[in-house]
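Student: With the sequences and hints as input, model every part of the structure.
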Amino acid sequence: MFEVKSLAEKHDYPDLFTVRFAREKLYIGDTSYPIGQLSVDMLNVSKESMLKLKRLSESFAKTIDQKFFSPKEQKTREMVLEAQSAWNQFMAFAKEFPVIKDLRIPMKEFQDMLPSAYDEIHGKCSDVTQECSMYYEMFAEMVFGWIRMVNDIATFLSYASAFVNLFLERLKYHNPEAYASAYYDFMTNRQVQLEIEKAIPHGLPLINQTHEVGLEFVTMTEQDEPQSFCIAERFVFTNLLSFLQVDLSRGLMIGHAPKKCQNCGKYFLLENGYHVSYCTNLAPGETTRTCRQVGAHKKSAAQTKTPAQAEYQKLYNRLKTRKNRKKISVEEWNQAVAWAQEMKDKAEQGEISEWELKEMFDKI
Numbered sequence: 000m001f002e003v004k005s006l007a008e009k010h011d012y013p014d015l016f017t018v019r020f021a022r023e024k025l026y027i028g029d030t031s032y033p034i035g036q037l038s039v040d041m042l043n044v045s046k047e048s049m050l051k052l053k054r055l056s057e058s059f060a061k062t063i064d065q066k067f068f069s070p071k072e073q074k075t076r077e078m079v080l081e082a083q084s085a086w087n088q089f090m091a092f093a094k095e096f097p098v099i100k101d102l103r104i105p106m107k108e109f110q111d112m113l114p115s116a117y118d119e120i121h122g123k124c125s126d127v128t129q130e131c132s133m134y135y136e137m138f139a140e141m142v143f144g145w146i147r148m149v150n151d152i153a154t155f156l157s158y159a160s161a162f163v164n165l166f167l168e169r170l171k172y173h174n175p176e177a178y179a180s181a182y183y184d185f186m187t188n189r190q191v192q193l194e195i196e197k198a199i200p201h202g203l204p205l206i207n208q209t210h211e212v213g214l215e216f217v218t219m220t221e222q223d224e225p226q227s228f229c230i231a232e233r234f235v236f237t238n239l240l241s242f243l244q245v246d247l248s249r250g251l252m253i254g255h256a257p258k259k260c261q262n263c264g265k266y267f268l269l270e271n272g273y274h275v276s277y278c279t280n281l282a283p284g285e286t287t288r289t290c291r292q293v294g295a296h297k298k299s300a301a302q303t304k305t306p307a308q309a310e311y312q313k314l315y316n317r318l319k320t321r322k323n324r325k326k327i328s329v330e331e332w333n334q335a336v337a338w339a340q341e342m343k344d345k346a347e348q349g350e351i352s353e354w355e356l357k358e359m360f361d362k363i
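In this text, residue positions in the sequence shown follow numbering that gives the first Met the number 0: the first is 0, and each later residue adds one.
A couple of the hints might just be wrong.
What the hints assert, rightly or not - Simulated pairs of lysine-lysine, DSBU-like, Cα-Cα distance not exceeding 35 Å:
| no. | residue 1 | residue 2 |
| --- | --- | --- |
| 1 | Lys74 | Lys171 |
| 2 | Lys107 | Lys53 |
| 3 | Lys319 | Lys297 |
| 4 | Lys24 | Lys171 |
| 5 | Lys107 | Lys197 |
| 6 | Lys94 | Lys24 |
| 7 | Lys51 | Lys61 |
| 8 | Lys71 | Lys61 |
| 9 | Lys74 | Lys94 |
| 10 | Lys24 | Lys297 |
| 11 | Lys46 | Lys9 |
| 12 | Lys100 | Lys24 |
| 13 | Lys345 | Lys24 |
| 14 | Lys94 | Lys107 |
| 15 | Lys197 | Lys46 |
| 16 | Lys325 | Lys345 |
| 17 | Lys24 | Lys71 |
| 18 | Lys322 | Lys265 |
| 19 | Lys53 | Lys24 |
| 20 | Lys265 | Lys319 |
| 21 | Lys259 | Lys100 |
| 22 | Lys74 | Lys107 |
| 23 | Lys94 | Lys259 |
| 24 | Lys61 | Lys24 |
| 25 | Lys71 | Lys9 |
| 26 | Lys259 | Lys171 |
| 27 | Lys265 | Lys51 |
| 28 | Lys313 | Lys325 |
| 29 | Lys53 | Lys197 |
| 30 | Lys9 | Lys100 |
| 31 | Lys9 | Lys171 |
| 32 | Lys322 | Lys297 |
| 33 | Lys171 | Lys297 |
| 34 | Lys71 | Lys107 |
| 35 | Lys94 | Lys61 |
Worth flagging that the hints you see were computed from the coordinates, not collected in a lab.
Please read these numbers as outputs of a predicted model, since none were measured by experiment.
Tutor: See the structure below:
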């Protein structure tokens, strides 16, 4: 039977943690995110960080097996401290990763767990080395919960990056219907699935469309509006992979999807109804301009003129002349171009008329 955490429970663990979904947000620990954002953050984890996490995980697994679980030699406190040190290094780096950093894990409890256990069961350490013993199962479960997180992240990155780059990036429309079609194509493309499975190292978990989760409905208040109540779904997850799949899938359901920035190459969360190709992070090689501001400049030179685009081009040229003559600063130029791009997009989407756009631009 699935164990459901008490509502009063304030701690999370790698293999048992709580997330609430309400409207278009999720709440994890003491932090809220737009649904789908944590999947995007995980996609942006660098290869170097993943390699370091894997290296620390493997070092920890090897050390604890030799110094704590192995029945071949008598345990000493120094051996146990060595195993704990390897665990602490691994945990400290893992806590910098998306999702994990927000879990309310009782780190002090974990950071001294092995020496405390050694002191408590000193003289009965053989219990830890016997696979059917209570102590062995308890510690093995805790250790596996941490190590599994590394494997879950690796599996998610393999699947999610293939889905985003091969199926979402080619979409003409960006809405829940288009995402549903792309997701179906991805999951039913046997060749793609086989290639992904081949790329995943032996022993790592594969994507499963069935998840063992605890679910209950609770009433909660908005963090920024304490007088506003809503009904939330309270999930209890037993592994990180299930959460990341649910976050990504529920994001697609409401029109939130990962999108790769055409300037810096990092992923950002594209929300329903918007079709932009650039993120709002600081652009590479820039000190003030974001990728979206850089993109606005690039876009201006390549567009086929509509009435709104023609007005935009006129303003763009005026602003450029002022910048070149040093009548406005580079920062003012960037802000004005980004604003003009936003107003032009609104006119093209029918949110303001072309006449209103012209009047606004003429005042600049």
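Student: For each hint, tell me whether it holds in the structure or not.
Tutor: Against the structure, the hints:
For the hint linking Lys74 to Lys171, the alpha-carbon distance of about 62 Å lies beyond 35 Å, and the restraint is violated. The suggested pairing of Lys107 with Lys53 holds, with an alpha-carbon distance near 23 Å, which does not exceed 35 Å. The straight-line distance between the Cα atoms of Lys319 and Lys297 is roughly 13 Å, inside the 35 Å bound, and the hint therefore holds. Pair hint Lys24 plus Lys171 holds up; C-alpha atoms about 26 Å apart against a cutoff of 35 Å.
Between the alpha carbons of Lys107 and Lys197 the distance comes to roughly 39 Å, so the proposed pair goes past 35 Å and is violated. Between the alpha carbons of Lys94 and Lys24 the distance comes to roughly 22 Å, so the proposed pair stays at or under 35 Å and holds. Taking the CA atoms of Lys51 and Lys61, the gap is about 15 Å. The hint holds against a cut of 35 Å. Only pairs whose Cα atoms come within 35 Å are accepted, and Lys71 paired with Lys61 is accepted, the gap being roughly 14 Å.
Restraint check: the Cα-Cα separation between Lys74 and Lys94 comes to about 29 Å, which is no more than 35 Å; the hinted pair holds. With a C-alpha separation of about 33 Å, the suggested pair Lys24 and Lys297 falls inside the 35 Å cut-off, and the hint holds. With a C-alpha separation of about 33 Å, the suggested pairing of Lys46 with Lys9 holds against the 35 Å cut-off. With a C-alpha separation of about 18 Å, the suggested pairing of Lys100 with Lys24 holds against the 35 Å cut-off.
Under the criterion of a C-alpha separation no larger than 35 Å, the hint pairing Lys345 with Lys24 is consistent with the structure, at around 26 Å. The straight-line distance between the Cα atoms of Lys94 and Lys107 is roughly 13 Å, inside the 35 Å bound, and the hint therefore holds. Taking the CA atoms of Lys197 and Lys46, the gap is near 19 Å; set against the 35 Å cutoff, the hint holds. Annotation: proposed proximity of Lys325 to Lys345 holds, straight-line Cα distance about 29 Å (limit 35 Å).
At roughly 51 Å between alpha-carbon atoms, Lys24 and Lys71 are farther apart than 35 Å, so this suggested pair is violated. Pair hint Lys322 plus Lys265 holds up; C-alpha atoms about 30 Å apart against a cutoff of 35 Å. At most 35 Å may separate the alpha-carbon atoms for a hinted pair to count; Lys53 and Lys24 meet this at roughly 31 Å. Among the hinted pairs, Lys265 with Lys319 is consistent with the structure: their alpha-carbon atoms are about 29 Å apart, no more than 35 Å.
Between Lys259 and Lys100 the alpha-carbon distance is near 24 Å, which keeps this suggested pair within the 35 Å criterion. As the CA atoms of Lys74 and Lys107 are separated by approximately 23 Å, the hinted pair is consistent with the 35 Å bound. Between Lys94 and Lys259, the direct Cα distance comes to roughly 25 Å. Compliance with the 35 Å bound is thereby established for this hinted pair. Proximity of Lys61 to Lys24 is assessed by CA-CA distance (about 39 Å); at most 35 Å being required, the pair is judged violated.
With a CA separation close to 39 Å, the supplied pair Lys71 and Lys9 exceeds the 35 Å bound. A C-alpha spacing of about 14 Å is found between Lys259 and Lys171, which places the hinted pair at or below 35 Å, so the restraint holds. Taking the CA atoms of Lys265 and Lys51, the gap is about 20 Å. The hint holds against a cut of 35 Å. Among the hinted pairs, Lys313 with Lys325 is consistent with the structure: their alpha-carbon atoms are about 19 Å apart, no more than 35 Å.
As the CA atoms of Lys53 and Lys197 are separated by approximately 19 Å, the hinted pair is consistent with the 35 Å bound. A hinted pair counts as satisfied when its Cα atoms are at most 35 Å apart, and Lys9 with Lys100 qualifies at roughly 15 Å. With a C-alpha separation of about 44 Å, the suggested pairing of Lys9 with Lys171 is violated against the 35 Å cut-off. The suggested pairing of Lys322 with Lys297 holds, with an alpha-carbon distance near 17 Å, which does not exceed 35 Å.
The straight-line distance between the Cα atoms of Lys171 and Lys297 is roughly 20 Å, inside the 35 Å bound, and the hint therefore holds. Taking the CA atoms of Lys71 and Lys107, the gap is about 30 Å. The hint holds against a cut of 35 Å. For the hint pairing Lys94 with Lys61, the CA-to-CA distance comes to about 20 Å; that is within 35 Å, so the pair holds.
Violated hints, in rising order: 1, 5, 17, 24, 25, 31; the structure is consistent with all others.
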